[in-house]
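Fit chains B and C to the known structure of chain A by using the hints.
Chains as they are written, first to last, in the working numbering: chain A, 1 to 147; chain B, 1001 to 1415; chain C, 2001 to 2367.
No lab work stands behind these hints, which were simulated from the structure alone.
Be a bit skeptical, because a hint or two may be false.
[What the hints assert, rightly or not] Listed below are several chain C residues computed to face chain B (Cβ distance under 8 Å; list not exhaustive):
1. I2010
2. E2032
3. D2120
4. V2196
5. A2209
6. G2226
7. D2230
8. G2250
9. K2347
10. A2349
[To be verified] Quick list of the computed label-pair ranges, beta carbon to beta carbon:
11. C/T2009 to B/W1325: 27 to 33 Å
12. C/G2031 to B/K1326: 18 to 24 Å
13. B/D1095 to C/R2046: 37 to 43 Å
14. B/W1325 to A/E49: 55 to 61 Å
15. B/D1095 to C/S2179: 46 to 52 Å
16. A/Y66 to C/Q2279: 44 to 50 Å
17. C/L2051 to B/S1089: 39 to 45 Å
18. C/Q2279 to A/P137: 53 to 59 Å
19. A/S101 to C/G2031: 31 to 37 Å
20. C/Q2059 to A/P137: 25 to 31 Å
21. C/W2170 to B/L1050: 53 to 59 Å
22. A/N126 to B/T1092: 45 to 51 Å
Even for Gly, the Cβ is constructed at its ideal location relative to N, Cα and C.
Single-letter residue listing:
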Amino acid sequence: MSIPITGEKAAIRIKQNVPDSVVVFDDTNVWVEVDKLLDVCSFLKDDVELDMQFLNSISAVDYIEYFELVYHLRSLRNNTTLVIKAKCFGRENITVPSVTSVWKGAELQEREAWDLMGIKFSKHPNMKRILLWEGFPGHPLRKDFIR
Amino acid sequence: MTEILILRSGFDFNGIYGFFDEFMPDSLDWLVFLITSLILAIVIINAVVLSTALLTWFERRLLGRFQSRLGPNRWGPFGLLQPIADLVSLLTKEDTIPEGADKPIFTLAPIVFLAPALIVFSVIPLHGGSFLGNLNVGLIFVIAITSINTLAVFMAGWSSLNKYAMFGAMRAVAMLISYEIPMGITVVAVALVAQTLGLSDVVLAQDIPYILVMPLAFLVFITAASAEMSRTPFDLIESDSELGAGYHTEYSGAKFALLQLTEFMAPIIVAALVTTLFLSGWRGYGPIPGPVWFVIKTFIVLFGFVWIRASWPRLRVDQIMGLAWKGLLPLSIINLFVVAIEVFIFNPGENGLSTTDLWIMTGVNWGVTIIAIFAIFNLLGQSKSERPVPVISPLANMYANTNTVKKITDLAEAE
Amino acid sequence: MPINTQPVTINLGPQHPSTHGVFRLRVTFDGEQVIDVEPVFGYLHRGTEKLAEERNYVQIVTLTDRLDYVAAMTNNLAYVRTVESLTGIEVPERGMYLRVISSELQRIASHLIATGFLLDELGAFHTPLIYCFRERERILEMFEMLCGARITVSYMRPGGVLQDAPTDFWPRLDDFLTSMPGYLDELEGLITENEVVLARTRDLGILSAQDAINASITGPVLRATGVQWDLRKAEPHEVYDRLDFDVPIGSVGDTFDRYYVRIQEIRQSLRMIQQCVAQIEPGPVRSKAPYFIRPDSVDAYVGTESPKGELGFYIVSDGGISPYRMHIRAPSFINLTVLRELLIGWKLADLIVIFGSLDIVVGEVDR
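Chain A with its partners taken away, still in its complex shape (with noise of 0.2 Å):
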């Protein structure tokens, strides 16, 4: 059976490694910080213990507050699951470093986040739009999105 890590367990190693990232956490989620987001993902991929090798998916949720990304990472080798969120404030132009370059499965997801929810993902090589067409006005999945 796939066990979650538990928030604690993550937390405590993050924090060890990569120091200042860790906002606060709970039985099975982390919040990190989004200026570290990529330094917490690379860690996180080439812990030994960790091991999360597997993306599984990138979920963007608005909370009109600000918007919340949520990455499932999964360890084939350990069948450990870990869960890692990102709030994200404001509405207008908001940059997230973008975690392609330690998983390439994010970039067809990171892509689909900023169409639908208007995510920008810096140093993605490709910042396009992917469901809908160019020009398209708005992002359909906010919560203010006026049909």
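Using the frame of chain A, we list chains B and C on its own:
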């Protein structure tokens, strides 16, 4: 013209010419010639087009059987009138020419495509002589005329101003020219054994069908010919899953009907040629007349073509070229070489090779065929190379943190 | 004199026989060789995730049918498992068995479609495709007995399945299970040892295990690279931990492996269904769950092994009757990440075959 045509009796050029010549003054010989030619042309064209229509029905019904479905069965008895329904459907479509297309060439291409196919039938002997005439260089004539359709395909592809059509046309030129060569060399072997270039004489020389005498030549010819008419596994000119439709992407209406007609005519031409060259043409046994034998043999070959079409995937363009140059060309040269030596040894006189000679050749050639094909398969074949045994990658372990393994053994013990 | 050549750019699609729906590949060719590929999609985008925000949890089941429209059962399963994980609704034993039986049948149907269309793209004139569709038809007829629908089944509900299987379903299933292995042998006789198929698919579009994991590839495409990873084993849900089955893997990671892994998975699925039929016992199929579900938890992500790969739903709840946000991790969509690397350098004919071997469904790519 009359000198080239060696005329024979019956419903052929000579018979009809003689019929009209009786009550026409000598000064109107040219008119008699014209009338005779026109009658024969109309008869041949109608016969060929009708048999093509029949073939479309035959092929579709047969494919239906192969694919466990019915095929066309609504229109007429057993769906026999389906080709007419298709024709009406095609002819009532709007005839479009794409903007920017090279209009004269675009219009000319279907005609250039169709004409050689019809011309070939003028020399194919259905019985005794041929319909139009027994050309004493029939083999060369057939090879020469059928090469023209390469040009037509390229004209159609080029003038359409469509990238898919252009892809199809480019492939066509590369492939058709490559396959002409083994086909031509095989035909040379046939001419060597028959000691003639006339198609009727080839049939008359076949005391033993050449499929037995030269099995290797038969295999090479039939492979090259199915490439020439671009049917599976060589149908990359119009490979529907890659190019949509290939060179006739932009065609519609009557022009498309002409292209399709020719395409369905090609198997009949090839089957008729195979029958003539390798299956001893109209010659048969018992009271059944020659033309019936010819048609029966032709349809057996056509059945084979449909069977191949129903069961084989398509080869890639470089593999097709590789097969032509690495597989068929050596095989055809081996065949020609062996046959030439045999003919040299037996040294036929005026009457050609005797039946005994042919039986000896049959024995030798079967041995050569088996060895040659075995060698080529070993060189080019796929199923010999072994694949590595799957090894579980160390990058993942789905049994970590799980007690599934234990549970399975528990279940086994409980049972 | 050197011949002047220039690359040609072709739009393969959106309307093209081999793009599995409305999918477009902007390909640059140097002669027949692919030098650049850019997938363009979204033609079938229906905004499923946005629609889900305005429906209640039971209504969303019908939306999930339309994701991967050749494997609706497994979509249902993935969704209802997420809702159950969010709310803690229990599923009765018989309901779990019926779920496994129906989703394994769906896996067979989906793999048959993948195989059939792959062969169609290889140029076999529809014969293997129609053979595959003939067997798939029997599965669809069984689905019709289960729930009245063939493609968009909507068979599963949070807390079980819609209804119990009718009594004449079981003889049909037995008949299917006994005849299917023979049919598979027949299909393999036509395909697996075929000289042309081997020449066209072997060593074509090789994907390494490392690349596949890095690009989040899942499903048969991942297993073909030699990575033995199957969520039915790694995260046994429903009754998969009571079933004895193997996870087939490929040796090289080429197109042939992707095809062959699917064929082997069909055999394993048949094994699983056989065990389920032996183990299933009478009982309720659906537990009492309210129509308007108001989850207690905040969010849940559950991944399920669908025929295409890991189909995951991430549902965020604000305690209301409909999800606050539903994100779908669509395996077809994410498997396209490697498309560009796989295709570059191959020929036009190979492009179609490699693309077909990834087995995407545009309904799931575009959502």
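To see whether the hints hold, each was checked on the structure:
A cut of 8 Å between beta carbons decides the hint on C/I2010: the least distance to chain B is about 5 Å, and the hint holds. This hint holds: C/E2032 has a C-beta 6 Å from the nearest C-beta of chain B, less than the 8 Å allowed. Satisfaction of the interface hint for C/D2120 is found here, the shortest Cβ-Cβ separation to chain B being roughly 6 Å, below the 8 Å cut-off. This hint holds: C/V2196 has a C-beta 5 Å from the nearest C-beta of chain B, less than the 8 Å allowed.
Annotation: interface hint on C/A2209 holds; nearest CB of chain B at approximately 4 Å, less than 8 Å. Satisfaction of the interface hint for C/G2226 is found here, the shortest Cβ-Cβ separation to chain B being roughly 4 Å, below the 8 Å cut-off. Evaluation of the C/D2230 hint against chain B yields a held restraint, the C-beta minimum of about 6 Å falling below 8 Å. The interface hint given for C/G2250 is met, as the beta carbon of that residue sits about 6 Å from the closest beta carbon of chain B, less than 8 Å.
Annotation: interface hint on C/K2347 holds; nearest CB of chain B at approximately 6 Å, less than 8 Å. Contact between C/A2349 and chain B, as hinted, is supported at the beta carbon level, the nearest pair being about 5 Å apart and thus within 8 Å. Range check, C/T2009 to B/W1325: about 30 Å between beta-carbon atoms, so the 27 to 33 Å window is met. One distance hint, 18 to 24 Å for the beta-carbon pair C/G2031 and B/K1326, holds here, with the actual separation near 20 Å.
A hinted range of 37 to 43 Å for the beta carbons of B/D1095 and C/R2046 is consistent with their spacing of about 38 Å. At about 58 Å, the CB distance of B/W1325 to A/E49 agrees with the hint of 55 to 61 Å. Distance hint check for B/D1095 and C/S2179: the Cβ-Cβ separation is about 50 Å, which falls inside the suggested range of 46 to 52 Å. For A/Y66 and C/Q2279, the Cβ-Cβ distance of about 49 Å falls inside the hinted range of 44 to 50 Å, so the restraint holds.
For the pair C/L2051 and B/S1089, the beta carbons lie near 41 Å from each other, so the given range of 39 to 45 Å is met. A hinted range of 53 to 59 Å holds for the C-beta pair C/Q2279 and A/P137, which are about 55 Å apart. Separation of A/S101 from C/G2031 is about 34 Å and conforms to the stated range, judged on CB atoms against 31 to 37 Å. Checked against the hint of 25 to 31 Å, the pair C/Q2059 and A/P137 passes, with Cβ atoms roughly 28 Å apart.
At roughly 55 Å, the beta carbons of C/W2170 and B/L1050 sit within the given window of 53 to 59 Å. Checked against the given bound of 45 to 51 Å, the beta carbons of A/N126 and B/T1092, roughly 48 Å apart, stay inside it.
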